[in-house]
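Peer 1: The sequence shown begins at 1 in the working numbering and counts up one residue at a time.
Hints are computed from structural coordinates only; laboratory data are not their basis. Where hints are given, some of them may not hold.
Said to hold, decoys possible - Here are the computed distance ranges between Cβ atoms for each label pair: (1) K325 to Q268: 26 to 32 Å; (2) L152 to Q268: 25 to 31 Å; (3) D110 to Q268: 42 to 48 Å; (4) F36 to Q244: 42 to 48 Å; (5) R247 to Q52: 52 to 58 Å; (6) M204 to Q303: 15 to 21 Å; (7) D297 to S202: 44 to 50 Å; (8) G103 to N301: 42 to 48 Å; (9) K355 to R241: 42 to 48 Å; (10) L152 to T319: 19 to 25 Å.
We treat Cβ as the ideally placed atom computed from N, Cα and C, and that holds for glycine.
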Amino acid sequence: MPKSGILPFRFQGVFHKVEKKGVETVKIFAYCLREFDEKPMFDRLAGEFDAQYGYSTEYPCPDNVSLAAGYDAVSCTPCNMGADMLQRFYDVGVRYVATRSIGFDHIDLDKARQLGMGVCRVSYEPETVADYAIMLMLMCCRNMPHIMNRSLVQDYSLQGKMGRDISDCTVGVVGAGQIGSTVIRHLSGFGCKLLAYDPCVSPMAESPAEYVSLKELYARSDIITLHTPATAENYHMIDSRALQQMRDGVILINTARGALVDTDALIQGLESGKVGHAALDVLEDEAGLYYANRMGDVIANRQMAVLRSFPNVILSPHTAFYTEKVVWNMAYKTFRGVRDMMEQSENPLIILQGKRG
C-alpha cells in the first residue's frame, strides 16, 4: 500500500480530471459502506468528482432513512429497496439510487419510475466472477472441503477423498453473457466438453461451446454453472423438475443470484444423491445476512443451516466479486453514475434516467 493508505500503486494513474457541466456538487449517502476498503476509495473519489458523501455501515431501513436527508443520491449494496423504502427516500429528498452491484433486482424499478427517481448500477471485469466459479468447480471435483475439514483433525488418510478430473467432465454454462462467455473461454484450456444456453445471446461461430437447449444442457452436463441475472421469468429455474432432468451426481455452481435456485428442492436433491456437490456463492434471502460479522449469533435461516451441514456443499458469502480492482471500479462507477444521471449524460449503466428536481 502507498503511504496514503488509500490505493495500491497500480491504480494511481486511473483518473482523468472529471469535467463538470454546470451541475452543482454531487451529494451521495452510502449505506453498507465498509470502512476497511470502500471508505478510503470514497475519500479519494469525492475529491476527484468534487462530491460530498456521508455513510453508514448499516443496511438501509426505515429507522435510518433520515440519514440520507439533504443528499441527492443513496448508494447501497443488494438490500431491500422495495417500493416502501424508495418512497421513504424520496420523501426526504433523495432522487437517485446507485447500487454498488451488477444486479439490480433488489430495486423496485416500477416504483422508481413512478417517482421519477434515477437508478444506476456498476459493472466490473467478468474474469473475477468467472475464475471464482471455475475455482468452485475444481474444489467440488476434487472434494476439497471434505479433504480440508479432515486435515484439520489430522486425518490424512485417502479413503473417501478420491476426486474426478474436470477435463473428463461436460460443463453446462447457463447464461453466455460477459461472465458466462469468459467461463467458457477459460474452461476451454482444461479440455472439458462445453455446452451453453442463453436465449438472449446469439451463438458465437468460433465459441468452444456447443449451444443447446436448456433441457439438453441439463441432461448432458456433469457440472452446471449459472451466470444469468434474476428475472421474474427465471425465478427458481433450478427446481425439482429441473433437477430431475439432470444427471445423477451433478455438480451445481451458483455465483449469479440466489433466486435462481429453489433451495428446498436443492436440499432434497442433495439428500437423495441427485446432486453430488453444490457450491453457492449466493443464497435466497441473503439480504442482511452477508457482509456482517455474525459470529456467535443465532441466524434465523434454516435452509442455510441445513446446507452447511452437508459435507458436499460449499457456501461462500457472496465474495466471487471481491477483488481489489473490482471494489475500486464499483466505487468509481457509483460516483460516475450519479453525476451522469444528474447531468442527464449517457451512460450504459444507467437503468432509469429519472427526473431532475
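Peer 1: Mind listing which of the numbered hints don't hold for this structure, in increasing order?
Peer 2: 1, 3, 6, 8
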